[in-house]
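Residue strings, one per chain:
There are 2 protein chains.
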Amino acid sequence: MRQLVIVGSLAYDDIETPRGRSGRVLGGAAAYSALAASYFDLSINVISIVGGDFKQEFFDLFSSHNIDLQGVEVHQHEKTFYWAGKYYEDMNQRQTLITDLNVLEKFDPTVPDSYREPDILLLANLSPVVQFKVIKQMNRRPRLIVLDTMDFWIMTMLEELMQVLKEIDLLTINDQEAYMLSGKRTIRAAAEEILKMGPRYLIIKKGEHGALLFSKDKMFFAPALSLPDIFNPTGAGDTFAGGLCGFMATSDDYSFENLKSAVIAGSVLASFTVEKFGTERLASLKQTEIMQRIDDFIELVKFDFPKTSHIFSKTNGQ
Amino acid sequence: MRQLVIVGSLAYDDIETPRGRSGRVLGGAAAYSALAASYFDLSINVISIVGGDFKQEFFDLFSSHNIDLQGVEVHQHEKTFYWAGKYYEDMNQRQTLITDLNVLEKFDPTVPDSYREPDILLLANLSPVVQFKVIKQMNRRPRLIVLDTMDFWIMTMLEELMQVLKEIDLLTINDQEAYMLSGKRTIRAAAEEILKMGPRYLIIKKGEHGALLFSKDKMFFAPALSLPDIFNPTGAGDTFAGGLCGFMATSDDYSFENLKSAVIAGSVLASFTVEKFGTERLASLKQTEIMQRIDDFIELVKFDFPKTSHIFSKTNGQ
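Just so you know, the sequences run in chain order A and B. For the first sequence, our numbering gives the first residue as 1, with consecutive numbering after it. For the second sequence, our numbering gives the first residue as 1, with consecutive numbering after it.
This is chain A alone, in the form it adopts within the complex:
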C-alpha cells in the first residue's frame, strides 16, 4: 500500500453565510485533504498540531477513516487554530472575521521516522518555511511532492515560497493567486511563468469554472461539476488536493495522463464538500456515490467529434 503524508492545519472553523451559520465545525486543510484521500486505497499520515480543545470525536473520525495521526502534536494547555469567516450571496467572495493562529503559530514539526519515505507528500497551505523544513526531513525524495499555497504567503514570504517551489513537482493555486505570483494577466501566460519557477506540473483552480492542469507542453481542462446549488465552498481546494493525491497514490503512474484522472477525482470529491458546512458531507461518503459522480463528470464532458472532412466547405478556406 502506498503512503501519502499530509502536512497542514487542523482547525475549528466558524462560517457565516446568507443561509445560516455553521457554529464551530472541524476545518483546516489537513482535515479536508486527509478525509478526501481516505476513500482511495492507500495509507494516510497527517502532520499537524492541535490544542487541548480539539475534540476526541474528531480524532475518532480520522481513526475511523484509517488516517494515522502519529504526526499530530497535541498541546494540551493551548488552543486549536480558529478561523471565522463570512460568505456573501456570491460565494466567490468571502471575508475573514477572525484568525486565531493559537498553536499553529509555533508549528515546527518533527517528521516521525515512519513518515520519512512516503510515495507522495502533500504540503497543504502553510508557511513556506514550514513546508521547506518538512521536505528537508525526508529520507529520500517522494515520488510526487504537491504544494498548495495562498495569496497571504505570496505577499508576505515570496522569497521563501520561491525557494520551496524549486523542490516540488506540482503546485495547486487559484487563478487570482496565479496572476499575483506570475505578474501575468492571462491563465496561459501565468502558467508558463510559474512552471519556470520549479514545479513540472501546475494546477490553476478557477472555483466553479473548473481547473486547468499544465505541464511545459501540455494542458488539460476539467470543469467543476455544475451542481444545482452550492452551499458553502470552504475546504473545496483542500479536498481537491487530497482527492488528487489519494488517487495518485493508487498507482506508480506519475505521468501527465494519469494526473488528468487525478484532477477529476479531486474535482469529484470537492463537489461533495461544497454541499454542506465543514467536513460533514465529505466524512460520510459512500464509494457508490463517488463512482456515480465520476460517471456524471465523464458524461458532462464526453463527445464524439466527427472525423470526416466532408463537413467543410468545398471552396472556402482551402
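None of these hints come from the bench; they were simulated from the model. Be aware that a few hints might be false.
[To be verified] Sample of chain A residues lacking proximity to chain B, with all beta carbon distances greater than 10 Å (derived):
1. Phe59
2. Gly85
3. Lys86
4. Asn92
5. Arg94
6. Met162
7. Leu285
[Stated by the list, open to error] Computed, partial: chain B to chain A, Cβ under 7 Å:
8. Tyr39
9. Phe40
10. His209
11. Lys216
12. Asp217
13. Pro223
14. Phe256
15. Leu285
16. Ile311
17. Ser313
[What the hints assert, rightly or not] List of simulated lysine-lysine pairs, DSS-like, C-alpha gap at most 25 Å:
18. Lys302(A) / Lys307(B)
19. Lys260(B) / Lys302(A)
20. Lys260(A) / Lys302(B)
21. Lys307(B) / Lys286(A)
22. Lys86(A) / Lys184(B)
23. Lys206(A) / Lys218(B)
24. Lys206(A) / Lys166(A)
25. Lys307(A) / Lys302(B)
26. Lys314(B) / Lys302(A)
27. Lys260(A) / Lys260(B)
28. Lys260(A) / Lys314(B)
29. Lys307(B) / Lys218(A)
30. Lys206(B) / Lys260(B)
31. Lys286(B) / Lys307(A)
32. Lys302(A) / Lys216(B)
33. Lys206(B) / Lys206(A)
34. Lys302(A) / Lys302(B)
35. Lys206(B) / Lys260(A)
36. Lys218(A) / Lys206(B)
37. Lys307(B) / Lys260(A)
38. Lys260(B) / Lys218(A)
39. Lys286(A) / Lys314(B)
40. Lys184(A) / Lys206(B)
By construction, the Cβ of each residue, glycine as well, lies at the ideal position given by its N, Cα and C atoms.
Chain A is already provided as a structure; the job is to place chain B on it using the hints.
Just chain B, lined up with the frame of chain A:
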C-alpha cells in the same frame, strides 16, 4: 446542400482597447455568424439591412465566401448601423460609447421567397419583434431555429421575447443574461427555468470560462480554448452561433449528441475571432487551421479515467 438563413445586423464597429483602436471595421452579428458558418458545407443566406455607406469590399467579402445577400436591403441615402465601444484591461467589461441604429431602426424584413424553407434559421441578436415576424414568414418550420438575444431585450421587451422563445429550438445567451431571464442564481437552476419557456435546447455562454449545453435531462460542458492572449472579444458570441449552425447544417442529425460537436465547432471558430479586431481573422481562415484547433480542443479535454474499482479503499465508504 442544406440551407442556413441568418437574420441579424450588419454594422460598422469602432472598438477601443488599452492596446489600440480598431477604426471603423466590419461588424454586426450577421457578419460574424455568416463568415463563421461559411467554412462548412452549406448554403448561407443573410437577411439584414445596410446604408449607402456600406462598402463594396464587404459585399465582395461575403460573395467570396459564397454567402448569398439577396435578403440584405440597401438604403442608399441612409447610414449603416454604427456601434462604438470601449474595453478595459479586463476584457469581460465593456462600455458602449455610441449606438447609432440608423437603418436598423426601420428593419422590418420581407423574407425572400427562396429563403422561406431553410433547414436552419439563425435569429441573431435583434428585437424579438423582428425575430418573431421572420419565423412567421417561413413556409414550413425549419428543422432547427436558433435564437440569440441580450440583456437589453430582456429588460425592455420581455413579453415579446417570451413569445418568440415558444417558437424556437435553441436559445444561446450568456450567464448574466440567463440569471436575469430566469431570476435564478445558479447556472443549473437558471437552465431548468429557461427550458420551461419553450426551447428544448439551451446554451449558456460563460466567455473565457466556456459554455454549457442543456436539454431537459442532459448537460454538456465545453471549455473555451485557453489562448495565450485574447485581443478583443467583440463578435465571439455571434461567431459561436454561426459556427454552431454551420456545423449543424452539415447533417440531418439534430440530436443533443450532435449539438455537442456543434458547440465545439462554434467555440473553435470563436477562438479565432478574438485574436484580432472585427472579422479580420475570421474572414481569412484556412480549413487546416480550423481542423488543427479542433484537435487542440479534443486534446484539452480528453482523458481516460481508470475503469477499475481497485483504486478505492477496502474499508472507507463501503
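Results of checking the hints against the structure:
No beta-carbon of chain B is positioned within 10 Å of the beta-carbon of Phe59(A); the least distance is around 16 Å. No beta-carbon of chain B comes within 10 Å of the beta-carbon of Gly85(A); the shortest separation is about 20 Å. The non-interface label for Lys86(A) is consistent with chain B: the shortest C-beta to C-beta separation is roughly 18 Å, beyond 10 Å. Every Cβ of chain B is farther than 10 Å from the Cβ of Asn92(A); the closest lies at roughly 12 Å, confirming the non-interface assignment.
No Cβ of chain B comes within 10 Å of the Cβ of Arg94(A); the nearest lies about 17 Å off, and the non-interface call holds. For Met162(A), the shortest C-beta to C-beta distance to chain B comes to about 24 Å, beyond the 10 Å cut-off, and the non-interface label holds. With a cut of 10 Å on Cβ distances, Leu285(A) falls inside the contact zone with chain B, its closest approach being about 5 Å. The closest approach between the C-beta of Tyr39(B) and any C-beta of chain A is roughly 5 Å, which is under the 7 Å cut-off, so the hint is satisfied.
Satisfaction of the interface hint for Phe40(B) is found here, the shortest Cβ-Cβ separation to chain A being roughly 6 Å, below the 7 Å cut-off. Given the 7 Å rule on beta carbons, the hint for His209(B) holds: about 4 Å separates it from the nearest Cβ of chain A. Proximity of Lys216(B) to chain A is violated relative to the hint, the smallest CB-CB distance being about 14 Å (cut-off 7 Å). Residue-level restraint check for Asp217(B) is violated (minimum Cβ-Cβ distance to chain A is 11 Å; threshold 7 Å).
Checking Pro223(B) against chain A: minimum C-beta separation of about 4 Å stays under 7 Å; hint holds. Here the hint on Phe256(B) is broken, as its CB sits about 10 Å from the closest CB of chain A, past 7 Å. Contact between Leu285(B) and chain A, as hinted, is supported at the beta carbon level, the nearest pair being about 5 Å apart and thus within 7 Å. Because the closest C-beta pair between Ile311(B) and chain A is about 4 Å apart, less than 7 Å, the hint holds.
The interface hint given for Ser313(B) is met, as the beta carbon of that residue sits about 5 Å from the closest beta carbon of chain A, less than 7 Å. A hinted pair counts as satisfied when its Cα atoms are at most 25 Å apart, and Lys302(A) with Lys307(B) qualifies at roughly 15 Å. Note on Lys260(B) and Lys302(A): the hinted pairing holds, with a Cα-Cα distance of about 9 Å set against a maximum of 25 Å. Proximity of Lys260(A) to Lys302(B) is assessed by CA-CA distance (about 9 Å); at most 25 Å being required, the pair is judged to hold.
Distance hint between Lys307(B) and Lys286(A) is fulfilled; the C-alpha atoms sit about 18 Å from each other, no more than 25 Å. In summary, the hint linking Lys86(A) to Lys184(B) is supported, as the alpha carbons are separated by about 22 Å, within the 25 Å threshold. For a cut-off of 25 Å, the pair hint linking Lys206(A) to Lys218(B) stands: about 24 Å separates their Cα positions. With a CA separation close to 24 Å, the supplied pair Lys206(A) and Lys166(A) stays within the 25 Å bound.
Restraint check for Lys307(A) and Lys302(B): satisfied, since their Cα atoms lie roughly 15 Å apart, inside the 25 Å limit. For the proposed pair Lys314(B) and Lys302(A), the alpha carbon gap of about 29 Å is over 25 Å, so the pair is violated. Between the alpha carbons of Lys260(A) and Lys260(B) the distance comes to roughly 22 Å, so the proposed pair stays at or under 25 Å and holds. Taken as a hint, the Lys260(A) and Lys314(B) pair is honoured in the structure, with Cα atoms around 24 Å apart against an allowance of 25 Å.
For the hint pairing Lys307(B) with Lys218(A), the CA-to-CA distance comes to about 24 Å; that is within 25 Å, so the pair holds. For the hint pairing Lys206(B) with Lys260(B), the CA-to-CA distance comes to about 16 Å; that is within 25 Å, so the pair holds. A distance of roughly 18 Å separates the Cα atoms of Lys286(B) and Lys307(A); the hinted pair therefore holds under the 25 Å criterion. Annotation: proposed proximity of Lys302(A) to Lys216(B) holds, straight-line Cα distance about 18 Å (limit 25 Å).
Proximity of Lys206(B) to Lys206(A) is assessed by CA-CA distance (about 13 Å); at most 25 Å being required, the pair is judged to hold. With a C-alpha separation of about 8 Å, the suggested pairing of Lys302(A) with Lys302(B) holds against the 25 Å cut-off. In summary, the hint linking Lys206(B) to Lys260(A) is supported, as the alpha carbons are separated by about 23 Å, within the 25 Å threshold. With a C-alpha separation of about 23 Å, the suggested pairing of Lys218(A) with Lys206(B) holds against the 25 Å cut-off.
For the given pair, Lys307(B) sits about 14 Å from Lys260(A) by alpha-carbon distance, which is consistent with the 25 Å threshold. Taking the CA atoms of Lys260(B) and Lys218(A), the gap is near 24 Å; set against the 25 Å cutoff, the hint holds. The suggested pairing of Lys286(A) with Lys314(B) holds, with an alpha-carbon distance near 12 Å, which does not exceed 25 Å. Restraint check for Lys184(A) and Lys206(B): satisfied, since their Cα atoms lie roughly 22 Å apart, inside the 25 Å limit.
The structure fails hints 7, 11, 12, 14, 26 (numbered hints given earlier, in ascending order).
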